[in-house]
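Student: Just so you know, the protein sequences line up as chains C and X, in that order.
Going by the working numbering, the residue at position 6 of the first sequence is 626; the numbering climbs one at a time, nothing skipped.
Going by the working numbering, the residue at position 413 of the second sequence is 1033; the numbering climbs one at a time, nothing skipped.
Because the hints were derived from the structure by calculation, they are not lab data.
Cβ atoms here follow ideal geometry from the backbone N, Cα and C, with glycine treated the same way.
Errors might be hidden in some of the hints.
[Said to hold, decoys possible] Straight line, CA to CA, 16 Å or less: simulated EDC-like cross-link-like pairs of lysine to aspartate or glutamate: (1) C:K628 - C:D1172; (2) X:K698 - X:D866; (3) X:K1130 - C:D1172; (4) C:K765 - C:D858; (5) X:K628 - X:E1171; (6) C:K808 - C:E902; (7) C:K628 - C:E662; (8) X:K808 - X:D866; (9) C:K940 - X:E1214; (10) X:K1002 - X:D1077; (11) C:K1130 - X:D949; (12) X:K940 - C:E1214.
[Unchecked claim] Simulated coverage check for chain X against chain C, where a stretch passes if three residues somewhere in it have a Cβ under 8 Å from a Cβ of chain C: (13) 799 to 810; (14) 870 to 884; (15) 941 to 951; (16) 1021 to 1033; (17) 1041 to 1048; (18) 1198 to 1205.
2 protein chains.
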Amino acid sequence: MTYRAPVKDMLFDIRHLAGIDEIAKLPGFEEAGFDTAQAVLEECARFNEEVVAPLNVPGDRNPSSWNNGEVSTTPGFKEAYRQYIEGGWQGLQHPGPFGGQGLPKTIGAACGEMLNSANLSFALCPLLTDGAIEALLTAGSDELKATYLEKLVSGEWTGTMNLTEPQAGSDLALVRTRAEPQPDGSYKIFGTKIFITYGEHDMAGNIVHLVLARVTGAPEGVKGISLFVVPKFLVGKDGSLGARNDVHCVSIEHKLGIKASPTAVLQYGDRGGAVGYLVGQENRGLEYMFIMMNAARYAVGVQGIAIAERAYQKAVTYAKERVQSRPVDGSMNSSAPIIHHPDVKRMLMTMRAFTEGCRAMATVAAAAYDASHHHPDAQVRKQNQAFYEFMVPLVKGYSTEMSLEVTSLGVQVHGGMGFIEETGAAQYYRDAKILTIYEGTTAIQANDLVGRKTARDGGQTARAVAAQIEKTEGELARRDTVAARAVLRRLSAARKAFLDVVDFIASQTKASPNAAFAGSVPYLMLAGNLVAGWQLARSLLAAEDLAAKGEDTAFMQAKITTARFYADHILARAPGIRDSIVEGAESVTSLAIEAF
Amino acid sequence: MTYRAPVKDMLFDIRHLAGIDEIAKLPGFEEAGFDTAQAVLEECARFNEEVVAPLNVPGDRNPSSWNNGEVSTTPGFKEAYRQYIEGGWQGLQHPGPFGGQGLPKTIGAACGEMLNSANLSFALCPLLTDGAIEALLTAGSDELKATYLEKLVSGEWTGTMNLTEPQAGSDLALVRTRAEPQPDGSYKIFGTKIFITYGEHDMAGNIVHLVLARVTGAPEGVKGISLFVVPKFLVGKDGSLGARNDVHCVSIEHKLGIKASPTAVLQYGDRGGAVGYLVGQENRGLEYMFIMMNAARYAVGVQGIAIAERAYQKAVTYAKERVQSRPVDGSMNSSAPIIHHPDVKRMLMTMRAFTEGCRAMATVAAAAYDASHHHPDAQVRKQNQAFYEFMVPLVKGYSTEMSLEVTSLGVQVHGGMGFIEETGAAQYYRDAKILTIYEGTTAIQANDLVGRKTARDGGQTARAVAAQIEKTEGELARRDTVAARAVLRRLSAARKAFLDVVDFIASQTKASPNAAFAGSVPYLMLAGNLVAGWQLARSLLAAEDLAAKGEDTAFMQAKITTARFYADHILARAPGIRDSIVEGAESVTSLAIEAF
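I would like the entire structure built from these sequences, with the hints used as guidance.
Tutor: Next comes the structure, spelled out in structure tokens:
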């Protein structure tokens, strides 16, 4: 078996950090207690370990291919996707009325991690479908919902997000695709979209494209963008598939990684116009697209955790098998498995601590999402909403950036073998690199964190997070263990560094935007580092309590050591980042363009 | 043109940091003053920009291929290599008596950087030849020298290093290839060597393999390893090529990067035994191999700088062309080239500062090498030797680790386009990953730094380096500029962090080896960071002086800004690394193997 889902660690987070028993008290989540979580995760683990994970290497060696407008996925993908539908996995978090299971995101996120660990390329198709469902649920008319949602929730049809055009990447103001209103209320869509993940494939009966375009006469810039549904096959009133729509895949990209996932160039309207249906109101497309993007951004963060987990597992397996050199402490008389060497342990611990820290952060963010939607008290919903929204750029930005470091270490642990493609470690290194780019680069996440999430409320939400961290410090201070003391010191220093930066960002964003945005990505990295470290500190507290009760002491001891490692080696980076942001802005922007 | 050699920056380092005019006072280097350096670098730039650089992408798309024991290199490589020979580039640093030009390493290293920037895969062939030349010069008999050196120095024949076997990577004690003494004084060699760069190819008339093997009856472990010359074609007394030797390429590897460079599996002795000639004395092979390896390690560090430079240039070009979004400071009313966005500048400045910092470090190390070989005063030679040897693991380890960060940022600057292979940024990301692995992984460099370079002399050399840095701090303190003050603060903090770590390492390596080696790679990263930052601080001092004289003020101003950026954003990482090493060792090694 090449992947074993870390069910125990996930359930630890779900129970002790996210408080699944509290979530199960929320209206609508009555069935979603710990036992449900455990049952779902175990079944999900089986499916992904046995069905999806074995397709990861074949997908890299024999990627999706394009032929005359049609895309064939890697052999085996179609059958695995059929089983994915049959298992009802697409509907896990979606509402019962459309055929979903309505489970909390707290559980769904763990399942998402498993699917992505098993096969990042495969998992992208459901990930995009989730986004399309969110957009239709939020802004779609009853008719659109009735026509599309059930099939999307079941996974019979898949969804896509069509934002990017050759001249319009991060800058959606530049979108040129146009929509001409038709007498029947529909639109004809004309334009070219690029980088469309699963924009064409052979795994589903229909593909539901969600497309940004400008209605004739709409204003310039982002205020003139509308969102449309453009199905690959038109759908009759009875739900039957009709004519092929005028959207065609003219090529797919040759990429560094996630090769099995087809990245399509889609041409709309070359044969008279693609039939599209407006979602919500005209010129509000960007707003709706953000709904999809926010769901997708969180999910891409989980992809970072997922690939880090898989890279970690592979590196551990190799480090236990590969025999080279004697341990430096003289504990063995002959060459030992390399896991005995301190630097190999340092690399594995770094991989492990990053992965567990980000998983804990993402799980707690998911719980806030659940509370923000289901809690009966509006004030509590609002607090959780603010917390969740603050977390989204951290989950997306930090978890994916750390996945680059982790997958690089994964290759490094393998030494020369890591550079040989047949070994498989290099695939994770290649696959991970897209994660800091798509659904908004790390810089875009950081702009969101600086602008909408920090400066807009004068740093209030950020300081509320810091106040929560301070409470955890209080709990650590009441412990008399070496590990708690070590973690307390680093957590406290990191929180103070964070608060300095929040003050800097809140005061500079308007006064000196270049200075604030010069520190945007470092701020994101500091905030993500802090929050992940905080959640591991909470893990340590829970693990110490549980170990004291004699519960699974080996696991709890490992959790404590991992939390301490994170604090000593990763949280320790925080004060230096503070200095760079608060004192180093000028040297970022002062070099003249011509001098580059 | 896809690559422009940074001749001006190289000459700045060679003149103002390495002191080429002082080097030209050393016996044997009388012709090697600034004017020579300039002339050589300009000619070298032309050759690499025009002839070698254009083959970089073709090499990736159409790599070396194996067919029935023969390896064909990428079309164009053979002709470019012919021009490389004709230009006399292989002999640049090698002794006149064997046809070389005997130039200082201070100049040769810059030429090496250009060749590697132009084409890492192509440059590996000369790099390995250099190593073979070093080994023969140091330990070869007069007969071996007479037979092989001239052809290697001219580049007509190429060299290889054969260390690794499937079970023996970093751990050479496990080498099993055997050598049977023959009545005529030669040996018959039997065994399998893997990962042999340019172990087989079609660019040269002969390939001179330098092979580690065990003579029948030799002791176990590294004390029983000898070094042999095994030519692909036997060489007659008159220098003519004779019979094909019994060494055959049975396959080449399918790799993540440097695809044009064939990585061979070589089979020795399947048809009766490969004829080999002992280099130096039996059982001293490891010692001689270290000569090759030390030259090669420095050269691989330069490869890190080279690929970082190339990635930087590509990212700058894209950032100036790609138009997306308005600047945050409201300075433009429409979408601007992305280089105007603070985070893009931050990424480019990080790439630039790392590259210039490591180039400065490597250039100064090269000057110490030159003085260690040519200075008339034995004491000065010894000091320079100690300094150079301290620098080798930093140049190799730090410059290659930073190249991973730089090439990753290079992809990131390109956004989604970076992930598309046709763009070319991804190739650098893939190519760079081997640099932290071959010629000794970063961990192996760090072990060298901890054991031989720090603990062995009780930290004396390390503290001598710190004392030199303190002198630079004194000079900065006498300046009244904002930049000098900013750099001084970070440099001083980083030096103090370094000294704490040196004390820790020097005291713990024997007492608590696990603790010392748990911090080995972080120590290397801290030391490399500090030395590169120090050299940029020296650059700042020189640039301020030259700018005051009105010399090339735009260049000098950029140098000052880059030095300050390095201090604010990279040197600022140093104190956190200190904390991790000195206070975080326990959590690195305390997790039980079974818990992974």
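Student: Run every hint past the structure and note whether it holds.
Tutor: Now for the hints, and whether the structure bears them out:
1. C:K628 - C:D1172: holds, 11 Å
2. X:K698 - X:D866: violated, 24 Å
3. X:K1130 - C:D1172: violated, 36 Å
4. C:K765 - C:D858: Roughly 14 Å between the alpha carbons, so the hint for K765 (chain C) and D858 (chain C) holds.
5. X:K628 - X:E1171: holds, 13 Å
6. C:K808 - C:E902: holds, 14 Å
7. C:K628 - C:E662: OK: K628 (chain C) and E662 (chain C) at ~10 Å, within 16 Å.
8. X:K808 - X:D866: holds, 9 Å
9. C:K940 - X:E1214: Roughly 10 Å between the alpha carbons, so the hint for K940 (chain C) and E1214 (chain X) holds.
10. X:K1002 - X:D1077: holds, 14 Å
11. C:K1130 - X:D949: holds, 9 Å
12. X:K940 - C:E1214: Within the cut-off at roughly 10 Å; holds.
13. 799 to 810: Since three or more residues must qualify, the claim that chain C covers the stretch 799 to 810 of chain X is violated, with 0 doing so at under 8 Å.
14. 870 to 884: holds (count 5)
15. 941 to 951: The restraint on the stretch 941 to 951 of chain X holds, since 6 of its residues have a Cβ under 8 Å from chain C and three suffice.
16. 1021 to 1033: holds (count 4)
17. 1041 to 1048: As far as the stretch 1041 to 1048 of chain X goes, the hint holds, because 3 residues have Cβ atoms under 8 Å from chain C.
18. 1198 to 1205: With 4 residues closer than 8 Å to chain C, the stretch 1198 to 1205 of chain X meets the three-residue bar; holds.
In this structure, the hints that do not hold are numbers 2, 3 and 13, in rising order.
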